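Asker: Residues per chain, in single letters:
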Amino acid sequence: MIKQATVTIDGRDVPIEGERNLLELVRKAHIELPTFCYHSELSIYGACRLCLVQVEGRGIMGACSTPPEPGMQIRTSTLEIREIRRITLELLLANHEGSCPTCTKSADCKLQALARRLGVEKVRFKALHQPAPVDDSSPSIIRDPNKCVLCGDCVRVCNEIQGIGAIDFAYRGSQAAVLPAFGKNLGDVECVNCGQCAAFCPTGALTPKPEIEGVWKALNDPKKKVVAQIAPAVRVALSECFGATPGEDTTGRMVAAIKALGFAAVYDTSFTADLTVIEEATEFLQRKTKGERLPQFTSCCPAWVKYAEQYYPELLPNLSSCKSPQQMFGSLAKDILPKQMGVMRQDLVVVSIMPCTAKKFEARRPEFAPDGERDVDFVLTTQELGRMIQEAGLDFRAMEPESLDMPLGFHTGAGVIFGNSGGVSEAVLRYAVEKVLGKPLDKVDFPQVRGEGGLREAAFTLNGTTVKIAIVHGLANAKIVADKVKAGVSDYDLIEVMTCPGGCIGGAGQPVPKNGQSRRARTRSLYENDKNLPLHKSQDNPFITQCYERHIGEVGGEKAHHLLHTHYQNRRRLSGPEIPLGEGPASAARVQVKVCAGTACFVRGSQKLLHALTAYVEERSLQNAVDVRANFCSEQCGNGPTVIIGEDVLQHCTFEIAREALDQALAVQK
Amino acid sequence: MELTQSRPPAAASGPDKFDSVCAILERYSYQPAKLIPILQAVQNEYRYLPEGVMTYVATALKVPPARVFGVATFYTYFALEPKGKHVLRLCDGTACHVKQSIPILEALRRHLGLDEKNKTTPDMLFTLDTVACLGACGLAPVLMVDDVVHSRMTPAAAVKLVDKIRTREQSAN
Ligand code: SF4
Ligand code: SF4
Ligand code: FES
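Protein chains in written order, with our numbering: chain A, 1 to 670; chain B, 1 to 173.
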């Protein structure tokens, strides 16, 4: 028998079983090496130098970046290593703004935890950094560069998991910083507000932006009636804020606590998730029958929607036109609750409680604020709800469970599993398969669409027609699928996209996971919750049926379109300047020609157009009458290349079209 | 793809500059791995890296603009602010410092109306920078004007040099 390969860690032999680096091996031996920059889901960066170990015959090495070799002898806590680690931490702390008691990350801060653990009691070094301004331009994330330790976790999540790269290292040496492009604010760049950077950040440098103050104000305003909607994923994570093991289902106690905070009623976003299922599945069946606008992409994840608007303008018609459950709830609540509760529309305050930071952005989209009044007034994350409960001094663990309010609190299991990756697909299948086969399902579960992989596929044959589904989480995976669709080589019919790992249960508004098992436990708990409910199919929800009869009318009908559907638009990624192609500043006296050089137009040949137009201007010595500029994204991507001449927006532009328009504009000018 | 047309002169006019950015991108076959040489070539055209052009390069190479910005700010070689037509680099390495480079710096700043923050004259004719060491310590103190090294400088000589360039530029116009 071959002897098992081992590494000796602090005198104990530990078998090598496919571990990629010494860190994994040491952790398997139940020794918690300190780390800042290591995450099993991300690439290895090896910058924080906390994971040091002594390897006999080789010296001190970073455990995260050293592969295990049979026979290695390592020690994890020599005097020398302890000293290096403490100096490293001291150096980090020296430049770190020490406002810990007021930092929202305080309870979850890895820097604090490590300083405590490693016994760093004072900092012997002086700060070098000038304080930098805090960036609160984004509706979802606050960026406080003064608390950054440059571990690069955020940079890698945004690049590797989301495929975006909205933030990156800039400058060097003592000036090094993590910044959005050109040092702009996060709210002005291509960030999709998913918040995963904040979830991975070990310090308070990136945190979800709270809306707690506004909610307290509304709750204390006697004129206002404040109601809550709770997203599915919140119920299986909230108790982690109070030290419980992940995955505990706390629906009843959560309702009790929210009521104790002063909310007039507590409803369930799962109700409108049920509604979404019916609208979206109907839309899907129609498209499938007609064979048009397939594959259909789901549209309930606001980070994905913004991503699609920025990167895939040509695929926007493929997105389901359904509003997300949060926004369906908002418009429905503002439509029916004022009468029911006896308040004016403007005095009804809808607060959503979400696992998600991007929902804060979604609720602010102008199309969800008819006449300037928002359908959803505030969005709190699970973390924020936890903080409000703590602030109110409620003993969450001792609360007597209460039930959700009717009718908007009644939900089926289909609406609950929306919180898991694969959940939307399964919920839609529970409706669509029954509809197509014309008889009740024998089994409501579709295990084929469940799982953890970031890119999964499933196929079903119904009455001889095959339906192929792709389920993705992480936008880097969404990109793979969307590129296939764009290239015309996908055979999917339905594509479910969630931005966060594992779906909404892994949202950045959730309590910071203590370890890798939290997400798994939450997922399991949501499927349990579905099992324990009396109903599992959205079409069986009696209040949904009633809602259609009394308020909405026909499925997919006119009122449904007004209340439950939306539209999308191209979005430029960066706010920013145009490239002047002539000398000197633009002059109002000259005809302004702007050629879009954004990605979509670039691909469609705007570079050639630019070339031809500038040559034309030069050839005819029109430099004093015309300014030609390249601008970034005219937000007309679907119809590019776009050229703007004076006030005229020319789509599908060719040189001939542009020249004609330019000649005309020049004639008018004269 | 190789570039066939010859490189336009450094002081090309606007449209030519943009054209050459396109040519540069083409020459490097839009390869993201060639970002650094591409930025170098672009800087040769514009004498600095304008934000709009960097965004264009990012779009064309399909890399996030934040990455382009990161690379551009990592290397001190790249300038993010427009530079003047003539760049004065005054050496302030140890040898030059000992041999009185600071009075030269002060004289030049006074003469050009510049200070620590404002390094370029409003007419875009001069940029004044200090550098750590030009490696010409035997000739200290040293002032580099564009590509030419001027040795054993004094405040008065430096000012005279600048005036000479200015007169030359004025008569050229
Ligand atoms: S919120 Fe998401 S998209 Fe925005 S910077 Fe963070 S990880 Fe990137
Ligand atoms: S912002 Fe946070 S995650 Fe990003 S580098 Fe700084 S400390 Fe690390
Ligand atoms: S975890 Fe190994 S260097 Fe940071």
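No lab work stands behind these hints: they were computed from the structure.
Wrong hints could be hidden among the right ones.
[To be verified] Partial chain B-side listing against chain A, Cβ under 10 Å, derived:
no. : residue
1   : Tyr48
2   : Thr59
3   : Pro64
4   : Tyr77
5   : Ala95
6   : His97
7   : Val98
8   : Ile102
[Stated by the list, open to error] Cross-link-like lysine to aspartate or glutamate pairs, in silico, DMTMM-like; alpha carbons within 20 Å at most:
no. : chain 1 : residue 1 : chain 2 : residue 2
9   : A       : Lys468    : A       : Glu283
10  : A       : Lys479    : A       : Glu32
11  : A       : Lys184    : B       : Glu51
12  : A       : Lys184    : B       : Asp146
13  : A       : Lys608    : B       : Glu26
14  : B       : Lys62     : A       : Glu160
15  : A       : Lys339    : A       : Glu314
16  : A       : Lys224    : A       : Glu314
17  : A       : Lys224    : A       : Glu24
18  : B       : Lys34     : B       : Asp123
19  : B       : Lys85     : B       : Glu26
20  : A       : Lys594    : B       : Asp19
21  : B       : Lys62     : A       : Glu283
22  : A       : Lys608    : B       : Asp19
23  : A       : Lys594    : B       : Asp123
24  : B       : Lys62     : A       : Glu314
Model, not experiment: these values are computed from the prediction.
Glycine included, each C-beta is placed from N, C-alpha and C at the ideal position.
Asker: Now tell me, hint by hint, if it's right for this structure.
Answerer: Results for each hint:
no., hint, result
1, Tyr48, "violated (13 Å)"
2, Thr59, "holds (5 Å)"
3, Pro64, "holds (3 Å)"
4, Tyr77, "violated (12 Å)"
5, Ala95, "violated (24 Å)"
6, His97, "violated (21 Å)"
7, Val98, "violated (25 Å)"
8, Ile102, "violated (23 Å)"
9, A:Lys468 / A:Glu283, "holds (16 Å)"
10, A:Lys479 / A:Glu32, "violated (36 Å)"
11, A:Lys184 / B:Glu51, "holds (11 Å)"
12, A:Lys184 / B:Asp146, "violated (32 Å)"
13, A:Lys608 / B:Glu26, "holds (12 Å)"
14, B:Lys62 / A:Glu160, "holds (15 Å)"
15, A:Lys339 / A:Glu314, "violated (42 Å)"
16, A:Lys224 / A:Glu314, "violated (43 Å)"
17, A:Lys224 / A:Glu24, "violated (53 Å)"
18, B:Lys34 / B:Asp123, "violated (34 Å)"
19, B:Lys85 / B:Glu26, "violated (27 Å)"
20, A:Lys594 / B:Asp19, "holds (16 Å)"
21, B:Lys62 / A:Glu283, "violated (34 Å)"
22, A:Lys608 / B:Asp19, "holds (10 Å)"
23, A:Lys594 / B:Asp123, "violated (27 Å)"
24, B:Lys62 / A:Glu314, "holds (17 Å)"
Violated hints for the displayed structure, listed by number in ascending order: 1, 4, 5, 6, 7, 8, 10, 12, 15, 16, 17, 18, 19, 21, 23.
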